[in-house]
Amino acid sequence: MFTYDIKIWAIRSRDAAHQVRWRAGSKEFAETFRVKASAEGRRAGLLLAQRDGQQFDTDTDLPRSELSNRRKTET
530 MFTYDIKIWA IRSRDAAHQV RWRAGSKEFA ETFRVKASAE GRRAGLLLAQ RDGQQFDTDT
590 DLPRSELSNR RKTET
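Take the sequence shown: its position 56, counting from 1, is numbered 585 in the working numbering, and each next residue is one higher.
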């Protein structure tokens with residue numbers, strides 16, 4: 530299922546880990562990075578997809594553009 534209901538939080542830094550968190554619909558997702566710049570890049574990509582008006586898949590947590598790119602590389 531796809532949704533436009535997206536919330537992306539600020540990066541949460543704890544110890545040596547930096548976490549990017551977002552909600553797509555009613556499901557929350559997170560990715561953890563050791564390098565803060567990597568977390569910032571991931572968050573920027575999510576924000577860009579949201580600003581472009583892309584829907585997010587509530588099952589995989591990915592914006593539609595990343596989902597289609599993933600499917601192309603898997604085939």
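It is worth saying that the hints were derived from the structure and are not from the lab.
The model shown is predicted, which means the values in this text are computed figures rather than measured ones.
Any given hint could turn out to be false.
Stated by the list, open to error - Quick list of the computed label-pair ranges, beta carbon to beta carbon:
hint : residue 1 : residue 2 : range
1    : 566       : 530       : 27 to 35 Å
2    : 588       : 538       : 16 to 24 Å
3    : 560       : 532       : 27 to 35 Å
Here a beta-carbon is modelled for each residue, glycine too, at the ideal position from N, C-alpha and C.
Let me make sure I understand: some of the numbered hints might not hold for this structure. Which ones are they, in numerical order?
3
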